[in-house]
Amino acid sequence: MAAAEEASRPFAGLSDVSISEDIPVEGDISVPLGSTRRDDEFSTLDEPVKETILRDLRAVGNKFVHVLYPKRSTALLRDWDLWGPLLLCVTLALLLQGGAADSDDQGGPQFAEVFVIVWFGSIIITLNSKLLGGTISFFQSLCVLGYCIMPLTAAMAVCRIVLVGGSGTVSFAVRLAVVTVSFGWSTFASTAFLADSQPPNRKALVVYPVFLFYFVIGWMILTFSPSQ
Amino acid sequence: MASTNDPFQFQEFEEAGNLLEANRDAVTISIEDDVKPEKQRKAAGFAPDGEDEDPLAGDDKTELLSGQKKSVPFWTFEYYQKFFDIETHHVKERIIGSVVPWPGKNFIHIYLRRNPDLYGPFWICTTLVFAIAISGNISNFLVHLGKPNYKYTPEFRKVTIAATAIFSYAWFVPLALWGFLLWRNNKVMNLVSYSFMEIVCVYGYSLSIYIPAVVLWILPYEWLRWCSIVLALCLSGTVLVMTFWPAVRDDHPKVIVAIMSAIVVLNVLLAVGCKAYFFSKPEPALQLEHSAITAAIKATAST
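Residue numbers (the working numbering), protein chains in the order written: chain A, 34 to 261; chain Z, 4 to 306.
Excised from the complex, chain Z in its bound form (with noise of 0.2 Å):
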């Protein structure tokens, strides 16, 4: 071939072949200093005892150990990737341990550690507002099952309005709450500090009681009801104090009660609110008397 008979471009090529072996040197070593001592700062900050192991080893094992994540900007897709790295037995277990309070345990030291995902509570804050909705009208067509005036109606509205109640919920109390932690920080020195997201996560945890609750409603039992409320309210309650507990334990007692109590309290006003709003059972014999009134105006207008 005549260009391999080509002195010159033999030349070339050699200069270029050398070239490029000195530079992929160079190349090399420049990337193993950068990369040492991060590896080191890795390994003597999170997990000291992984020293002694082979480094490479060492290094992917505090890392994945330390759950160290990269720092990326809010508006990337990855940012939001890692509210979203969770398996399907986290997420059995994360509702179980919402559900069962257990003496001495924090949820979000024992579940979370520190990392709080976004699925959990938003699918089951999405669960919810359509369980209340359907249960809510299903309640409401049993009632008047047998009434002859009675049409029935999908109340579709209903969805929208549990939707706006219980995203706000799962949504603004953490958000004032953090606020809330955030400036008691800043006075009294607490141990222990939650971010954000771990506090949205817990309130969003906490509502998955409320699922079977809801659906427990249909059923048209005052009693059943307020019982399931009861119960319901007593296990969110108790694991949402506990969680918060360590958090303002150094505080003034005034504050204390307060951010506990008011926890509390919101937490009974979703849950009543709901259940005054979506399964209203109207009186019977109210009705009656309306319709008897209604009539009666109705009989003295024609005469």
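Pulled out of the complex, with its shape left as it was, chain A reads as follows (with noise of 0.2 Å):
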């Protein structure tokens, strides 16, 4: 017997297997009640869908109020989703429309740059992160990345309602003020979700792209001008 356990032991694992004839094979077949609860709970398919969107919208705004207050949690890395930035980026980029002179060619960008570059410079950032080698997911990145723009799409909005105002210098030091905190509110809210997907002394290298990205966003919100 002991002799046999001993030569057994690379399967101690599989032994236990075997299932015994003291349990009856035809077993209650509801046995885990707690799951079918909880399936029933998440199901979707019968529920209104005026609730399945109103769920989805809930994580979204429950994601901007963590970018809002971004203190070190995972609620953002957790589930990653792309409907908050697709919706912050179209919102900027229309933002950004009927700016200066848009019938020639030397004004401010238009909706497809701003689209191109809030995108690829979200995957050229996480790209370089990834090579770096951090340790997130490159979804994770563009979600926080994207979620962080929120700041500035803010800063955005009050820029146009004090351009309503007038174009003088004291509008001009409004937005600037306005734009250079919401910048910095953006660059900081990213780093705390990202940088601790980084080896310490790799930090730099990874926080600089994140501020060169948000600094050419935040400039295209201040130059940006109405034509009147």
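For the record, the hints were derived by calculation from the structure and aren't laboratory data.
A quick note: this is a predicted structure, and the numbers were derived from the prediction, not measured.
One or more of the hints may lead you astray.
Under the rule of at most 20 Å between Cα atoms (straight-line distance), these lysine to aspartate or glutamate pairs were calculated in the DMTMM-like manner [to be verified]:
1. A:K236 x Z:D253
2. Z:K95 x Z:E225
3. A:K163 x Z:D88
4. A:K163 x A:D114
5. Z:K85 x Z:E201
6. Z:K85 x Z:E96
7. A:K163 x A:E80
8. A:K236 x Z:E96
9. Z:K95 x Z:E81
10. A:K236 x Z:E201
11. A:K163 x Z:E81
12. A:K163 x A:D79
13. Z:K108 x Z:E225
14. Z:K190 x Z:D253
15. A:K163 x Z:E90
16. Z:K161 x A:E146
Ranges of calculated distance between the beta carbons of each label pair, as one might list FRET restraints [what the hints assert, rightly or not]:
17. A:P233 x Z:A265: 15 to 25 Å
18. Z:F175 x A:L209: 35 to 45 Å
19. Z:P215 x A:F221: 21 to 31 Å
20. Z:H255 x A:L209: 50 to 60 Å
21. Z:Y155 x A:L101: 49 to 59 Å
22. Z:L178 x A:L101: 46 to 56 Å
23. Z:Y82 x A:S170: 12 to 22 Å
24. A:D112 x Z:A265: 36 to 46 Å
25. Z:V267 x A:N95: 55 to 65 Å
26. A:V123 x Z:G276: 50 to 60 Å
Ideal Cβ placement from N, Cα and C applies to all residues, glycine included.
Take the two lone chains, each set in its own frame, and fit them into one complex as the hints suggest.
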């Protein structure tokens, strides 16, 4: 007996698998009661469409709150989505329309240019952090970078409101202050989420492109001047 | 338990265990056989003085010291990962090394040490693109400040043009240089030969001096701009010339002169071209004259 057990040590895990005759095979099929209830809860087949949309919107809004109050949580990393970034990017690009001299080609960025800068910029930053040996996944990083544009989008909305009042020196000073604050906020929030995924002696190398990315977006927002 | 009392199952387990035992030994032996020659080859080939140490530790050390990378095909992610195998202090050292030419110091030999990176060149080029576009725009604004009929525009197209100019300089010039050096290497045996990535890396880092220079160009003083251009050209040109000097030293004098002047002329072209295109200072007198002429034309047309 003992010798046999010695010999079967490599299969120690397997030897326990054999079904003993004591346990009746025809058991209660609905044994995992808890899991069935959870299935009911998460079943989206028979719920109203409104509820589905509201739940997703709530998830997006929850992430917005996390960006506004960037404590080192993993909410943005745990379940990423790209709805928020898409929403923010489209809003930003739309708000940047109608700028000075849309007709001649010396004007501000077009819709497509904003779109390309935001998406390709975040893709390049993500690739950069992956190549430097980051532990974060591709879409997690895209999600964080996209959500952290939110302060800058808010700054764009404020700038448009300020520009309605006029475009003198005072309005420029106000816009500069708003854009600077939101730029700092964006950079700080995204680093709070992203920096932990990097080895400490490479943190600066990952943070610098993020800084440049938000700086360029901030510049686009600051130099926006509507045509009259 | 029924299963443990079954003698037949016992037998099977024992046999399987024995088989596995035997197999395991065989496997380990075969692994060691495979590994040993490689170890010896590495130790002998790259660091002969590491041989008298513990073979395992020596193997690790030689692998680290020689900087030998596993060769992976270029379509995999790992292939590009080795160009980003760099830390913050390396980047700082390289930027400083590319800005401050030290007599007799070769940038590639001292700073790159067979580990050229793409991080520095890429982000230095990107920074330079946005620095040129943004400071060109600000300087344009400062020049026209106070003019009544001036309407500020962000001039976003400048980013595209600057990106095209800078990135083509930072990629095509190294490509041409690499091809040329390869061709000369076939004709004349040179002691030093550089890989394509090393040349790209040198060119990328040599652009870093232009970033502060470009920011200085915001101030609308022509003398300041020319001073900073000359200074930046001297520094980056010296680093480039000193780096490529050993690679062409044994060549024909005519070829040396041609290649060195090509390197310097292209550098000057980039700097002066950027200055002329993005920071063109429209002559106030000319502008006035122009407006006077248009006014005169309008006046004559109306009468």
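Each hint tested on the structure:
Between K236 (chain A) and D253 (chain Z) the alpha-carbon distance is near 43 Å, which puts this suggested pair outside the 20 Å criterion. A distance of roughly 31 Å separates the Cα atoms of K95 (chain Z) and E225 (chain Z); the hinted pair therefore is violated under the 20 Å criterion. The suggested pairing of K163 (chain A) with D88 (chain Z) holds, with an alpha-carbon distance near 11 Å, which does not exceed 20 Å. With a C-alpha separation of about 19 Å, the suggested pair K163 (chain A) and D114 (chain A) falls inside the 20 Å cut-off, and the hint holds.
Taking the CA atoms of K85 (chain Z) and E201 (chain Z), the gap is near 13 Å; set against the 20 Å cutoff, the hint holds. At roughly 19 Å between alpha-carbon atoms, K85 (chain Z) and E96 (chain Z) fall within 20 Å of each other, so this suggested pair holds. Between K163 (chain A) and E80 (chain A) the alpha-carbon distance is near 39 Å, which puts this suggested pair outside the 20 Å criterion. Annotation: proposed proximity of K236 (chain A) to E96 (chain Z) holds, straight-line Cα distance about 16 Å (limit 20 Å).
Note on K95 (chain Z) and E81 (chain Z): the hinted pairing is violated, with a Cα-Cα distance of about 24 Å set against a maximum of 20 Å. A C-alpha spacing of about 24 Å is found between K236 (chain A) and E201 (chain Z), which places the hinted pair above 20 Å, so the restraint is violated. The suggested pairing of K163 (chain A) with E81 (chain Z) holds, with an alpha-carbon distance near 10 Å, which does not exceed 20 Å. Between the alpha carbons of K163 (chain A) and D79 (chain A) the distance comes to roughly 40 Å, so the proposed pair goes past 20 Å and is violated.
Taking the CA atoms of K108 (chain Z) and E225 (chain Z), the gap is near 33 Å; set against the 20 Å cutoff, the hint is violated. With a CA separation close to 11 Å, the supplied pair K190 (chain Z) and D253 (chain Z) stays within the 20 Å bound. Proximity of K163 (chain A) to E90 (chain Z) is assessed by CA-CA distance (about 14 Å); at most 20 Å being required, the pair is judged to hold. Taking the CA atoms of K161 (chain Z) and E146 (chain A), the gap is about 13 Å. The hint holds against a cut of 20 Å.
For the hinted restraint 15 to 25 Å between P233 (chain A) and A265 (chain Z), the CB-CB distance of approximately 43 Å leaves it violated. Judged by the Cβ atoms, the range 35 to 45 Å given for F175 (chain Z) and L209 (chain A) holds: they are separated by roughly 39 Å. Distance hint check: the CB atoms of P215 (chain Z) and F221 (chain A) are about 26 Å apart, consistent with the given range 21 to 31 Å. Between H255 (chain Z) and L209 (chain A) the C-beta distance comes to about 58 Å, which sits within the given range of 50 to 60 Å.
Between Y155 (chain Z) and L101 (chain A) the CB atoms are about 32 Å apart, so this pair departs from the stated range of 49 to 59 Å. Under the hint 46 to 56 Å, the C-beta atoms of L178 (chain Z) and L101 (chain A), about 47 Å apart, fit the expected range. Taking the beta carbon of each, Y82 (chain Z) and S170 (chain A) are about 20 Å apart, inside 12 to 22 Å as hinted. Between D112 (chain A) and A265 (chain Z) the C-beta distance comes to about 55 Å, which lies outside the given range of 36 to 46 Å.
For V267 (chain Z) paired with N95 (chain A), a C-beta distance near 58 Å keeps the hint of 55 to 65 Å intact. Our hint of 50 to 60 Å for V123 (chain A) and G276 (chain Z) is violated, since their Cβ atoms are close to 37 Å apart.
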